[in-house]
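Novice: Which chain is which? The protein sequence lines are S and L, in order.
Each step along the first sequence adds one to the number in the numbering used here, with nothing skipped, and position 196 is 196.
Each step along the second sequence adds one to the number in the numbering used here, with nothing skipped, and position 72 is 72.
It is possible that part of the hints are untrue.
The list that follows gives simulated cross-link-like pairs (lysine to any residue, SDA-like), each with its CA atoms no further than 20 Å apart [as the list claims (entries may be wrong)]: (1) K362(S) x F338(S); (2) K154(L) x K92(L); (3) K92(L) x T279(S); (4) K84(L) x E200(S); (5) K108(L) x P211(S); (6) K76(L) x K197(S); (7) K109(L) x V256(S); (8) K361(S) x K343(S); (9) K92(L) x P213(S); (10) K84(L) x H14(S); (11) K76(L) x H14(S); (12) K362(S) x T279(S); (13) K362(S) x L208(S); (14) K197(S) x D66(L).
None of these hints come from the bench; they were simulated from the model.
As the structure is a prediction and not an experimental result, all values here were calculated from the model.
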Amino acid sequence: MRQFLIFTQKEFFHIFRDRWTMMMLLALPIAMIILFGFGITTEIKNTRFAIYDPSRDVATQGIVNTMEKNEYFTLEGYVENPDQIETIFKEGKIGLLVVFSEGFYENLVHTGDAQVQLIADGTDPNTASTITNYATNIIAGYQLELLKIGEIPFQITPEVKLLYNPTMKSAYNIVPGVIGMVLMLICAMMTSVSMAKEKELGTMEVILVSPMPPILIVISKVIPYFVISIVNLMNVLALAVFVLEVPIVGNFFLLVFVSLLFIFVALALGLLISTMVETQLVALLLSVVGLLMPVIMLSGLMFPIENMPIILQYVAQLIPAKWYITAMRDVMIKGLGFTSIIKEVAVLSIMALVLITISLKKFKIRLE
Amino acid sequence: MKVIESENLTKRFGQFTAVDNISFAVEKGEIFGFLGANGAGKTTAMRMLCGLSKPTSGKGTVSGFDIEKQSEEVKKNIGYMSQKFALYEDLKVWENLRLYGGIYGIEKKAIGPKIDALLHQLGFESEKNTMVKSLPLGWKQKLAFSAAIFHEPKIVFLDEPTGGVDPAARRQFWELIYDASDRGITVFVTTHYMDEAEYCNRVSIMVDGRIEALDSPKNLKKQFEAENMDHVFHQLARRAKRN
Numbered sequence: 001m002r003q004f005l006i007f008t009q010k011e012f013f014h015i016f017r018d019r020w021t022m023m024m025l026l027a028l029p030i031a032m033i034i035l036f037g038f039g040i041t042t043e044i045k046n047t048r049f050a051i052y053d054p055s056r057d058v059a060t061q062g063i064v065n066t067m068e069k070n071e072y073f074t075l076e077g078y079v080e081n082p083d084q085i086e087t088i089f090k091e092g093k094i095g096l097l098v099v100f101s102e103g104f105y106e107n108l109v110h111t112g113d114a115q116v117q118l119i120a121d122g123t124d125p126n127t128a129s130t131i132t133n134y135a136t137n138i139i140a141g142y143q144l145e146l147l148k149i150g151e152i153p154f155q156i157t158p159e160v161k162l163l164y165n166p167t168m169k170s171a172y173n174i175v176p177g178v179i180g181m182v183l184m185l186i187c188a189m190m191t192s193v194s195m196a197k198e199k200e201l202g203t204m205e206v207i208l209v210s211p212m213p214p215i216l217i218v219i220s221k222v223i224p225y226f227v228i229s230i231v232n233l234m235n236v237l238a239l240a241v242f243v244l245e246v247p248i249v250g251n252f253f254l255l256v257f258v259s260l261l262f263i264f265v266a267l268a269l270g271l272l273i274s275t276m277v278e279t280q281l282v283a284l285l286l287s288v289v290g291l292l293m294p295v296i297m298l299s300g301l302m303f304p305i306e307n308m309p310i311i312l313q314y315v316a317q318l319i320p321a322k323w324y325i326t327a328m329r330d331v332m333i334k335g336l337g338f339t340s341i342i343k344e345v346a347v348l349s350i351m352a353l354v355l356i357t358i359s360l361k362k363f364k365i366r367l368e
Numbered sequence: 001m002k003v004i005e006s007e008n009l010t011k012r013f014g015q016f017t018a019v020d021n022i023s024f025a026v027e028k029g030e031i032f033g034f035l036g037a038n039g040a041g042k043t044t045a046m047r048m049l050c051g052l053s054k055p056t057s058g059k060g061t062v063s064g065f066d067i068e069k070q071s072e073e074v075k076k077n078i079g080y081m082s083q084k085f086a087l088y089e090d091l092k093v094w095e096n097l098r099l100y101g102g103i104y105g106i107e108k109k110a111i112g113p114k115i116d117a118l119l120h121q122l123g124f125e126s127e128k129n130t131m132v133k134s135l136p137l138g139w140k141q142k143l144a145f146s147a148a149i150f151h152e153p154k155i156v157f158l159d160e161p162t163g164g165v166d167p168a169a170r171r172q173f174w175e176l177i178y179d180a181s182d183r184g185i186t187v188f189v190t191t192h193y194m195d196e197a198e199y200c201n202r203v204s205i206m207v208d209g210r211i212e213a214l215d216s217p218k219n220l221k222k223q224f225e226a227e228n229m230d231h232v233f234h235q236l237a238r239r240a241k242r243n
């Protein structure tokens with residue numbers, strides 16, 4: 001037991017005395033969550049829009065007013081002549097142009113066939129489609145209001161409602177993903193690098209010759225990163241709730257439980273890498289390319305898995321972060337209970353078991 | 001009394017026979033030099049004796065324990081210093097010693113005084129709180145050796161312990177080895193400095209995985225009609241077929 005304590009203490013010394021690494025370990029997750037939360041966002045705020053409105057009646061005025069009140073849109077001005085449309089887009093002043101047909105209100109009331117055209121800058125298709133979606137929603141909302149007043153006899157308005165994330169805040173998507181990324185980075189990368197460091201220095205050999213049981217070496221190596229991971233998990237969750245205003249709808253303890261499971265998987269991956277490499281540099285490269293990239297690209301954090309080619313969809317199933325992020329979204333954002341994430345928990349548990357068994361076996365083989 | 005015995009010890013990696021049927025014995029308190037060119041198989045042989053690697057065939061005992069079946073007992077009775085000195089650069093001098101003491105299960109109360117005594121003996125008290133990374137290489141090696149015998153093992157294995165330091169520092173290092181030997185610790189040392197071979201009680205010379213010569217430096221020089229160990233070594237090493 002004393003062997004173990006003294007060895008674990010040494011691991012903490014290594015981390016605390018290396019200020020840069022220490023800072024990276026604690027500051028990076030915070031920086032990431034702020035960057036991803038605020039910087040990289042799929043929301044479009046303050047989109048400037050212009051109006052081409054030959055009708056200038058109650059209905060068009062009403063729609064323009066509603067749009068103006070919305071935080072996503074700012075009115076740039078009116079376009080008087082259709083010829084200006086192209087120039088105004090080319091100048092880059094606006095992201096959206098709303099074109100009303102002539103006699104808009106008349107048509108709306110009498111024929112029920114008033115037309116409005118939304119023109120957006122398609123050079124960035126994602127942005128364009130988000131903007132037009134917002135605008136469509138606003139117009140549909142205005143129609144609904146008119147319907148309530150009863151001015152229009154009947155009208156079928158499709159209503160789009162985004163469950164769990166009504167305002168389409170991208171932080172809802174980003175937070176579980178960033179947590180997955182951060183935990184993978186710290187657990188897997190740092191564990192494998194610190195193991196490789198001992199090999200490079202030759203200290204690993206000396207420890208292996210000592211009577212210290214290999215399993216204790218592994219556990220005491222892993223404990224500091226386990227602790228730091230938990231600190232980071234709490235930091236990121238606190239930031240998510242208080243700064244990004246993403247609520248934790250589900251059970252907090254379930255959230256922590258799933259995260260612990262994921263941490264085990266990541267630590268086991270780190271161990272596995274460390275049994276395969278001899279130097280810190282290779283450990284680092286392997287962790288970044290072999291672990292971090294798939295987390296970013298294939299876990300569903302950035303790109304929806306459903307849109308990937310079939311082969312990549314299968315590959316994605318092998319990525320622990322995919323299951324973790326799904327479970328986190330279910331618990332954190334949707335507020336689902338344990339029964340809803342049994343599949344994810346089972347997959348992660350199996351992954352953890354398999355990986356830990358393989359890496360411990362490989363670690364032992366190296367000594368013998 | 002024999003503390004290390006090797007009987008037809010062999011290690012193969014696939015087709016390659018790194019250590020080929022070596023047999024030898026080391027007496028208690030002896031300084032035993034284990035010589036050989038790079039790739040001759042001396043590190044592999046030593047790793048087997050330390051329990052870091054399993055022999056393909058053959059038998060070995062260290063301190064009376066079977067290296068294969070009782071490797072845990074073997075580990076308790078030996079000290080080991082790798083060629084990379086293996087101290088933690090970001091730990092202080094005393095923290096390194098306490099760590100190795102702790103790993104070998106020295107009593108908590110005993111460690112402190114033992115560290116002080118050792119540093120006093122080395123004339124190193126003023127550096128107790130120095131980070132190892134700021135020590136000169138020669139001092140690191142001395143310290144690594146002291147850490148390897150901190151738990152008073154019966155045998156200490158040294159893998160090319162004096163690489164990269166000047167002759168004066170090497171001379172000082174060997175004084176430490178003699179001190180340990182005087183205290184009854186058996187020293188098993190690999191080296192490729194032939195002047196160091198002269199310091200050993202007996203040396204074995206490995207060529208291509210086999211022990212080609214084993215005797216005291218004096219007898220070897222007579223046998224090979226050479227004026228120093230360097231010539232003995234070159235006569236044998238010339239027969240090597242690997243590289």
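Novice: Hint by hint, note whether the structure agrees.
Specialist: Do the hints match the structure? See the list:
For a cut-off of 20 Å, the pair hint linking K362(S) to F338(S) is broken: about 34 Å separates their Cα positions. For the proposed pair K154(L) and K92(L), the alpha carbon gap of about 27 Å is over 20 Å, so the pair is violated. Between K92(L) and T279(S) the alpha-carbon distance is near 24 Å, which puts this suggested pair outside the 20 Å criterion. Between K84(L) and E200(S) the alpha-carbon distance is near 9 Å, which keeps this suggested pair within the 20 Å criterion.
For a cut-off of 20 Å, the pair hint linking K108(L) to P211(S) stands: about 17 Å separates their Cα positions. With a C-alpha separation of about 25 Å, the suggested pairing of K76(L) with K197(S) is violated against the 20 Å cut-off. For the given pair, K109(L) sits about 40 Å from V256(S) by alpha-carbon distance, which is inconsistent with the 20 Å threshold. Of the supplied pair hints, the one linking K361(S) and K343(S) is violated, its CA atoms being roughly 27 Å apart against a limit of 20 Å.
For a cut-off of 20 Å, the pair hint linking K92(L) to P213(S) is broken: about 25 Å separates their Cα positions. Pair hint K84(L) plus H14(S) holds up; C-alpha atoms about 19 Å apart against a cutoff of 20 Å. Distance hint between K76(L) and H14(S) is unfulfilled; the C-alpha atoms sit about 26 Å from each other, more than 20 Å. Our distance criterion of 20 Å between C-alpha atoms is met by K362(S) and T279(S), whose separation comes to about 17 Å.
A C-alpha spacing of about 14 Å is found between K362(S) and L208(S), which places the hinted pair at or below 20 Å, so the restraint holds. For the suggested pair K197(S) and D66(L), the alpha carbons sit about 31 Å apart, so the restraint of at most 20 Å is broken.
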